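Asker: Based on the provided sequences and hints, a complete structural model is requested.
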Amino acid sequence: MRFPDARICMEGHANALALSKDNTLIAVAGRSLLKVYSIDDYGFREVCNMRGGKNQNLSYSSNDVAWSTMDCNLLATAATNGVVSVWDHSKCGRQKQLLVYNEHERTAHTVTFHSSEPNILISGSQDGTIKCFDIRSDKSVNTYFSNSESVRDVKFSPHAQNIFSAVSENGTVQLWDMRKWDKCMVQFTAHYGPVYTCDWHPTRNWLATGSRDKQIKVWDMDGRPGLEYTIHTIAVVGRVKWRPERTYHIASCALVVDYSIHVWDIRRPYIPFASFNEHTNVTTGIAWLGNDSHCLLSTSKDSTLHKHAFEDATRPALKANAQGASLGRYGDISFANKIKEYAPKTSGASNTKTSSSFISRRKSIVAGSIQFHLDHSRMYKFMVKDAFSGFPLNESDSKPRQEHECFIGCARELIMSGKKLAELCEHNSEVSKKYGRHNATTLWNFLKLFYGSNHFEPPFEHRSSFSNQKNPINQRRATQVPSDWPQQRSDLSQDLNGNAQEATHEIDAANEDDDPLGGSGVEHPPTSSVILSETQIISEINFDNFELLRNGFIYVGPTDAAKALAFPALHHDVQAARPQLEIKASDHEKSPPPHVPTVLKVSHVPPIPMWEPHKFVADALMLLNDVGDVQTALTVIISLGEARKLLPLEDTLVEHWFHTYVDQLHRYELWNEACEVINRSWLRSVQQLNQQSTAMHTNCGDCGRQLSNKVGWYCDKCKSMQSAKCCVCGLIVRGVYAWCQGCSHGGHIEHLQKYFAKHSKCPKCGHLCAYS
Amino acid sequence: MSYDDDDYPADTFPKDFGYGTYNQDGLEMEPNSTGSSETKPRILLMGLRRSGKSSIQKVVFHKMSPNETLFLESTSKIVKDDINNSSFVQFQIWDFPGQIDFIEPTFDSDMIFGGCGALVFVIDAKDDYNEALTKFKNTVIKAYKVNQRIKFEVFIHKVDGISDDSKMESQRDIHQRSSDDLSEAGLNQIHLSFHLTSIYDHSIFEAFSKVVQKLIPQLPTLENLLNIFIPNSGIEKAFLFDVVSKIYIATDSSPVDMQTYELCCDMIDVVIDLSSIYSSEETAFDSGSSSLIKLNNNTILYLREVNKFLALVCILREENFNRQGVIDYNFICFRDAISEVFELRLRQKQLENNEDEDLADEHTLIRHGNDAAVVT
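So the sequences go chain by chain: F and L. Mapping of the first sequence onto the UniProt record's numbering: residues 1 to 772, in sequence order. Mapping of the second sequence onto the UniProt record's numbering: residues 1 to 376, in sequence order.
Derived by calculation from the structure, the hints in this document are not laboratory data. Quick caveat, the model's predicted, so the values are computed rather than measured. C-beta: ideal position from N, C-alpha, C; glycine also.
Looking from chain L toward chain F, a few residues come up when the C-beta cut is under 10 Å (computed):
| hint | residue |
| --- | --- |
| 1 | Met168 |
| 2 | Gln171 |
| 3 | His175 |
| 4 | Leu192 |
Answerer: Right under this line is the structure:
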């Protein structure tokens with residue numbers, strides 16, 4: 001029979017609810033509420049309001065309520081002022097309150113009746129005591145001192161007559177024998193926060209506890225308590241209740257944040273089996289309707305009493321995404337999915353799959369019906385064959401390399417400082433070429449040209465016009481113009497009269513550098529080809545040319561294609577530029593002989609459009625980053641040193657690159673390289689990465705346990721100074737102690753030097769120490 | 001009905017409010033100060049060196065930022081700190097240097113443990129705690145001989161650095177071993193409390209709150225007052241705060257949620273900081289202080305001053321705040337009730353001073369709360 005959902009509004013917040021023995025009456029208690037409702041198929045009906053009348057005192061403000069296990073008229077409440085009262089709802093008026101025990105000094109949190117002896121009830125209080133009352137007397141029978149700040153919940157064990165459990169705010173669970181009031185039987189720490197609730201399993205000897213540390217734990221109470229299951233919830237656990245007739249199901253509600261009631265299968269603790277989301281405020285009390293596992297009652301601070309039918313519960317597992325995929329660092333992919341029963345087994349393997357390791361987590365137990373906690377899942381792992389490179393196309397001319405190999409190689413071999421920028425660029429372009437990164441190679445060469453000679457001085461080709469004029473006067477005049485050259489850097493069109501001597505030197509150096517490269521037949525930065533062809537004449541390179549050059553070299557795609565495409569375009573460009581240049585050249589020739597001082601046509605030169613490479617370099621770096629090569633982008637920035645300030649790049653972006661690159665290096669376990677990058681950083685947030693953990697742990701060489709920091713060489717575990725001795729000579733080391741981080745053995749550094757000159761393994765344990 | 005701060009006897013509150021002045025005397029005290037300090041319960045902070053005692057003291061009572069505690073020098077003398085900022089919390093904190101040796105005969109253990117209310121022993125959870133446990137055992141035995149009424153509190157400290165599982169493991173282990181140690185020494189009756197603490201979150205404040213609460217004989221009364229006040233005003237949760245240290249003197253009986261507590265702590269900071277900007281007088285917090293913060297989840301934080309050193313911070317839902325008049329009236333009743341508790345205690349104090357100085361009288365509990373008139 002299906003129960004419809006039912007709901008009734010009450011006045012005032014409810015703190016707890018309890019069901020009578022025959023499951024027909026519900027008592028709801030709150031701070032300003034104490035009522036009894038009857039429950040039937042159609043809903044709730046108010047039977048009795050115990051808070052009626054004018055004379056209200058604090059004993060009516062209840063934290064907890066419990067029904068007598070024998071008498072359908074008797075119930076007990078625990079009040080916030082510490083009073084435990086017993087009520088008879090069949091009586092009228094003030095006589096309803098049968099007994100008042102005013103014994104707890106502080107708030108009483110919980111009260112419960114004994115399961116088989118109808119006259120016995122126990123209560124737990126904030127004052128740290130548990131009191132046992134017999135309703136035939138008006139005083140407590142026993143007091144149990146829990147030695148904690150506050151007892152939050154007490155429950156009688158259904159498996160043993162006199163045993164009850166008490167949980168308290170200091171995270172401990174205690175088991176008491178009712179007859180022994182002086183000392184608890186068992187005590188153990190269950191949570192690292194206050195424990196707010198506990199519930200005994202109806203059939204097994206299990207105790208579930210819920211705590212402020214957001215966990216529900218299930219303890220096996222046979223013998224020494226052992227942790228069986230742990231459920232991590234999202235909020236502080238307020239109440240837990242085992243589901244009848246289902247061994248592994250438990251309902252829980254939260255004290256804050258989460259308003260819904262969850263039913264968990266403890267064997268699948270990651271996702272609730274079912275959830276009820278009807279309440280609009282924190283749920284404070286839950287109960288299963290007797291032995292009916294399909295009907296749940298709940299009260300909440302939203303002042304409602306709900307009856308939930310299990311059919312109407314939401315099943316969070318159905319909405320969860322049952323697939324997961326992850327990328328490995330060597331380009332392999334793992335993919336896990338849930339498999340439906342009887343679904344044809346399709347292998348999702350693509351043609352790149354070389355080995356798919358099939359891992360079925362569980363064997364099927366019940367054929368046909370899918371059980372919540374026994375969902376099948378399957379995991380595939382796709383690995384990239386060695387024969388395949390990171391790019392799908394086969395390059396016959398270059399050695400096939402996988403992307404990660406390139407990355408690791410580049411990370412190891414690229415240098416970021418220590419040499420002149422020109423040398424750095426040259427070295428790095430070689431490295432990039434070796435690993436097939438032609439785009440990067442081009443960029444490095446380009447950088448060398450533009451920044452290589454002087455960080456602060458972008459070389460300009462047009463100055464070669466000056467260099468050809470061997471005229472001292474002009475030179476002098478030229479040097480007079482720029483009073484402060486670095487300052488005028490920004491205003492480039494003005495300072496074309498830069499000191500010619502330097503310019504000469506620069507362009508010569510550039511040409512010399514270029515020659516071997518150009519001759520080696522490497523795909524070459526188009527810039528130099530232009531310069532080479534025009535060394536002796538004024539090379540007037542305008543924006544259009546460079547726009548094209550740039551487009552050429554940052555072309556992203558198959559490297560070969562890049563090369564192929566870049567050159568024709570350039571060629572065309574050079575052709576196009578030539579006529580103009582020739583005119584200039586002829587102009588030049590027609591002009592009076594060079595020795596005449598007036599030859600220099602300074603007036604002609606100023607309108608030459610100046611070109612700043614910074615913007616384009618920055619663009620190139622951005623593009624590199626966009627296509628996934630943050631490595632080169634960042635290395636370039638670091639290598640540029642101070643010149644990087646010229647690049648119009650935002651600090652946040654660079655910071656992001658740093659973090660990305662360091663992350664990547666860490667994934668490939670390139671710790672040293674990552675460290676170097678961090679050290680080279682000029683950004684505070686990146687530099688701090690190295691300062692997060694500075695702790696260094698030392699292990700004892702004998703037992704392998706961590707040495708305490710008190711006395712550096714004395715091991716507490718094996719009570720010896722063994723680890724202070726040199727493992728070559730056996731004497732105690734004074735001064736520098738060198739040791740292997742792998743096996744924790746070491747000694748005098750000079751002894752080790754001698755030893756490892758001949759051997760490769762540790763003198764003590766045979767560990768393959770990497771002595772360097 | 002109007003409330004006037006002058007109702008309190010003026011000498012209830014020490015004039016030297018504020019934490020700037022704490023005397024860094026050594027052990028030797030002037031004879032005349034001995035008498036006054038003995039009337040205050042004392043909290044001793046002990047533990048091995050570098051376990052974080054001074055950091056705790058600085059963070060909780062001197063508003064030091066946790067990061068700054070890195071640079072604290074290790075304590076070489078006993079630092080006595082008078083926390084007599086409110087008439088409820090009148091005690092001293094003695095911060096002991098870690099290397100102090102109580103077995104030495106030069107140490108006047110009667111003097112140290114005699115007027116001691118609680119002994120807080122700090123254990124560094126990240127360190128090996130064998131040595132700490134041995135020292136703890138010796139200290140407890142020594143202290144218990146002198147004064148059987150000392151409350152022993154163990155702070156398992158620096159837990160921010162360890163995982164949740166090992167937190168529980170170390171608590172369990174320390175609990176087990178220290179209890180075993182004590183029962184070996186035949187001191188089964190000693191009750192130890194354990195707290196997992198860290199100065200980087202509010203756990204240290206909560207732990208200290210619990211320590212202090214145990215030293216307040218009126219705590220059940222205060223709790224009762226709060227328990228009456230709350231349901232009648234439609235408030236979800238209320239804390240009675242010691243304003244300067246942000247430890248809570250009392251709260252109602254519903255479970256303390258850490259986030260709620262942190263919110264309330266932060267609110268006090270906000271109120272004090274703001275009012276010190278705009279107040280003309282020196283004291284940023286006085287009888288007129290009150291504040292209201294609306295949160296975006298339909299919750300309201302409401303702060304009212306109770307007396308110069310105590311503030312009531314409540315959390316309630318927005319719809320319950322439309323009856324602010326009732327809440328304010330109830331609050332005035334609540335405040336009056338607290339002031340009556342004060343007066344009773346004062347009278348009791350005077351009696352004590354007249355007759356004899358038996359400290360045991362402090363234990364007399366004043367059941368007072370039920371008189372409070374509360375309007376629903």
